[in-house]
Structures are given as structure tokens and as C-alpha cells.
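**Q** Sequence:
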Amino acid sequence: MGWTSFDVVDKIRSLTGERKIGHAGTLDPFATGVLVVGIGRGSTKRLSEFTNAYKVYEATLRLGLATDTLDVEGKITEKKSVPQINESKVLAVFSQFMGTIKQVPPMYSAKKVNGQKLYELARKNITIEREAVTVKIKELLLLSLFD
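Going by full-length UniProt numbering, the sequence shown runs without a break in its numbering and finishes at 147.
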């Protein structure tokens, strides 16, 4: 579809005339998922209930490549050969990310620091220090493994 989260909010504003509209999180441009939208003061005040809720993500990984944006849209910055892997090796890596961990947000993210989205700074080739945030990972599942 190519719409940003703001495009969705703007469209709802134009259809409803309501000014107080917000969303619970931002979807990456290439991602699919649910964008929770609150319309009206009562709903927008409750959006944090959704941003703090348990979420499920499903991803497809391509090993051996690194990009400047850490996603499929970036320019390839590094290529490495990938050793033979199997399910037990992948699950061993998964175990390192389980539970409550600290994670530094990447520069190409919608996280705001001092009122600016990190990806806006990154697009201007500006890198700033970011504090690690606490992330809780409840479960990681390997759905399939193929070459």
C-alpha cells in the first residue's frame, strides 16, 4: 500500500473530521501488520495499553548480508559466507535473546531522542549516542530453516 502511519491518521481525520487521532506504534514501510488507531480523546489516552501489550512478530532472515539500515531496504555493506547451520545452532543463538535484555535502538528506527526520530538523523548521516532500553522477549520460535 505504501502508506505511512501518519498517512493513515491523516486519512481518518479527513473522513471523520476528528482532530484527536493517534496510533500505537509505527510499522516499517515494508512490514505488514495491525496499526492500532485511537479516535477521540478517550481512545488516544488508552493507546499505551496497546504499545505495552504482548506482541507477536514473524520475520524471514537472510544470513550472510549486512545493510546500512539493518533491514531489506538498505544498501548491502557486508557479505560473508554462511557456515552450514542446523536447527540446534539457530535455537542456541535464540536462547541468548530470551528474557529481559538490554538493546540499543538502531539509528534507522522510529525511536525519538530529544524530539527527533533516529531514522531522520540517520538519513542526514548523523549518528548519536543511544541509551540501551529494556526489552522483554517471551518466546522465539523457528518456523522453518532453508538455504
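Some hints could be false.
Claimed, not checked - Below 25 Å or equal to it, Euclidean Cα-Cα: the simulated DSS-like pairs (lysine-lysine) are: (1) K102 - K55; (2) K89 - K124; (3) K11 - K75; (4) K80 - K11; (5) K80 - K20; (6) K112 - K20; (7) K117 - K20; (8) K20 - K45; (9) K11 - K89; (10) K102 - K138; (11) K102 - K136; (12) K45 - K111; (13) K45 - K124; (14) K111 - K138; (15) K124 - K75; (16) K136 - K117; (17) K75 - K55; (18) K124 - K136; (19) K79 - K138; (20) K89 - K111; (21) K89 - K45; (22) K124 - K138; (23) K124 - K55; (24) K117 - K102; (25) K45 - K11; (26) K20 - K111; (27) K136 - K112.
Just so you know, the hints here were simulated from the structure itself, not pulled from any lab data.
**Q** Could you run down the list of hints and mark each one as holding or not?
**A** Hints, verified against the model:
Under the criterion of a C-alpha separation no larger than 25 Å, the hint pairing K102 with K55 is consistent with the structure, at around 18 Å. Taken as a hint, the K89 and K124 pair is broken in the structure, with Cα atoms around 38 Å apart against an allowance of 25 Å. Between K11 and K75 the CA atoms are separated by roughly 32 Å; this puts the pair beyond 25 Å, and the hint is violated. With a C-alpha separation of about 44 Å, the suggested pair K80 and K11 falls outside the 25 Å cut-off, and the hint is violated.
Restraint check: the Cα-Cα separation between K80 and K20 comes to about 48 Å, which exceeds 25 Å; the hinted pair is violated. For the proposed pair K112 and K20, the alpha carbon gap of about 21 Å is at most 25 Å, so the pair holds. Under the criterion of a C-alpha separation no larger than 25 Å, the hint pairing K117 with K20 is consistent with the structure, at around 21 Å. Distance check on the hinted pair: K20 and K45 sit about 10 Å apart at the alpha-carbon level, within 25 Å; holds.
The hinted pair formed by K11 and K89 fails the criterion: a straight-line CA distance of about 46 Å is larger than 25 Å. Taking the CA atoms of K102 and K138, the gap is about 14 Å. The hint holds against a cut of 25 Å. For the proposed pair K102 and K136, the alpha carbon gap of about 9 Å is at most 25 Å, so the pair holds. Between K45 and K111 the CA atoms are separated by roughly 20 Å; this keeps the pair inside 25 Å, and the hint holds.
A threshold of 25 Å between alpha carbons decides the hint, and for K45 with K124 the separation of about 33 Å lies outside it, so the pair is violated. Distance hint between K111 and K138 is fulfilled; the C-alpha atoms sit about 22 Å from each other, no more than 25 Å. Proposed proximity of K124 and K75 is supported: the alpha carbons are some 15 Å apart, at most 25 Å. Between K136 and K117 the CA atoms are separated by roughly 22 Å; this keeps the pair inside 25 Å, and the hint holds.
A threshold of 25 Å between alpha carbons decides the hint, and for K75 with K55 the separation of about 29 Å lies outside it, so the pair is violated. Note on K124 and K136: the hinted pairing is violated, with a Cα-Cα distance of about 31 Å set against a maximum of 25 Å. Taken as a hint, the K79 and K138 pair is broken in the structure, with Cα atoms around 31 Å apart against an allowance of 25 Å. A C-alpha spacing of about 32 Å is found between K89 and K111, which places the hinted pair above 25 Å, so the restraint is violated.
With a C-alpha separation of about 44 Å, the suggested pair K89 and K45 falls outside the 25 Å cut-off, and the hint is violated. Under the criterion of a C-alpha separation no larger than 25 Å, the hint pairing K124 with K138 is inconsistent with the structure, at around 35 Å. The suggested pairing of K124 with K55 is violated, with an alpha-carbon distance near 31 Å, which exceeds 25 Å. Taking the CA atoms of K117 and K102, the gap is near 20 Å; set against the 25 Å cutoff, the hint holds.
Note on K45 and K11: the hinted pairing holds, with a Cα-Cα distance of about 20 Å set against a maximum of 25 Å. Of the pairs offered as hints, the one joining K20 and K111 holds, with about 22 Å between alpha carbons and a cut-off of 25 Å not exceeded. Restraint check: the Cα-Cα separation between K136 and K112 comes to about 20 Å, which is no more than 25 Å; the hinted pair holds.
In terms of the numbered hints stated before, the structure departs from hints 2, 3, 4, 5, 9, 13, 17, 18, 19, 20, 21, 22, 23, listed from lowest to highest.
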